[in-house]
Amino acid sequence: MSKIKGFAKAIIIITTVSAAIMELIDTSIVNVALNDMSGSLGVNIEDISWVITSYAIANVIIIPLTGFLAEYFGRKNYYLVSMIIFTLASYMCGQSSSLLEIVIWRFIQGIGGGALLSTSQAILFDAFDPKDRGKAAGLFGMGLILGPTLGPTLGGYIMQNFSWPLIFMINIPVGIIATVLSFIFIDQKEGEGKNKANIKIDYLGI
Numbered sequence: 562m563s564k565i566k567g568f569a570k571a572i573i574i575i576t577t578v579s580a581a582i583m584e585l586i587d588t589s590i591v592n593v594a595l596n597d598m599s600g601s602l603g604v605n606i607e608d609i610s611w612v613i614t615s616y617a618i619a620n621v622i623i624i625p626l627t628g629f630l631a632e633y634f635g636r637k638n639y640y641l642v643s644m645i646i647f648t649l650a651s652y653m654c655g656q657s658s659s660l661l662e663i664v665i666w667r668f669i670q671g672i673g674g675g676a677l678l679s680t681s682q683a684i685l686f687d688a689f690d691p692k693d694r695g696k697a698a699g700l701f702g703m704g705l706i707l708g709p710t711l712g713p714t715l716g717g718y719i720m721q722n723f724s725w726p727l728i729f730m731i732n733i734p735v736g737i738i739a740t741v742l743s744f745i746f747i748d749q750k751e752g753e754g755k756n757k758a759n760i761k762i763d764y765l766g767i
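The numbering used here runs 561 ahead of the 1-based position in the sequence shown.
Source of the hints: derived by calculation from the structure; they are not laboratory data.
Note that the Cβ used here is the ideal one computed from N, Cα and C, for glycine as well.
Errors might be hidden in some of the hints.
What the hints assert, rightly or not - Cβ-Cβ distance ranges computed for the label pairs, FRET-style:
#1 V741 <-> I606: 33 to 43 Å
#2 Q656 <-> S610: 16 to 26 Å
#3 D608 <-> P691: 48 to 58 Å
#4 E662 <-> D690: 43 to 53 Å
#5 V642 <-> I606: 31 to 41 Å
#6 N722 <-> F629: 38 to 48 Å
#7 K696 <-> V741: 23 to 33 Å
#8 K692 <-> S659: 47 to 57 Å
#9 I624 <-> G603: 30 to 40 Å
#10 T710 <-> I733: 13 to 23 Å
#11 F568 <-> G695: 17 to 27 Å
#12 L700 <-> V741: 20 to 30 Å
#13 S659 <-> P734: 22 to 32 Å
Said to hold, decoys possible - 27 Å max Cα-Cα, derived DSS-like pairs, lysine-lysine:
#14 K570 <-> K696
#15 K637 <-> K570
#16 K637 <-> K692
#17 K570 <-> K692
#18 K696 <-> K637
Build the full structure now, drawing on both the sequences and the hints.
Below you can see the structure in the form of structure tokens.
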């Protein structure tokens, strides 16, 4: 993938950085909507905070496993499945009508989202020649800065003009486009996902 040039490289840059920004936005965008969500779902502010906690717990669980899972299933396959999980869970969060329902879907969203961050970085770096990977690091770093900054700002705008389900629904078009572009332009790294018999799984460690 290091020899990717021109248009394909630009698409990979846009796709991976957008996915990383989307994941980071979702770590903070909910904060400004908690009061409205608690009123809408009929729960107190302490209970609704599980919407944030469940996402964070899922991230903590999945991020350390990302390298292994990407090697086991293949980086492209794992990335695509994670994107689909994240997008589908975002839709279901927006459709939730109870605390339990939204907490479960936020956890599932976090499983998909946690994988996007580190896998996006690896895919982006592979799109560059070794001597140019400093540029890739700069582009990805920009996404890391923008995501947490945009989250509360975008969430505040949505809550002022619309309703809380939209903070989840905005992920859907981005997720669909990113999934399609990733399927077309990202190559499966040679050898990944093909030697499962030789990979030992530490089930106890997991």
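Does the structure break any of the earlier hints, and which numbers would those be?
-> Hints that this structure does not satisfy do not exist here, as all of them hold.
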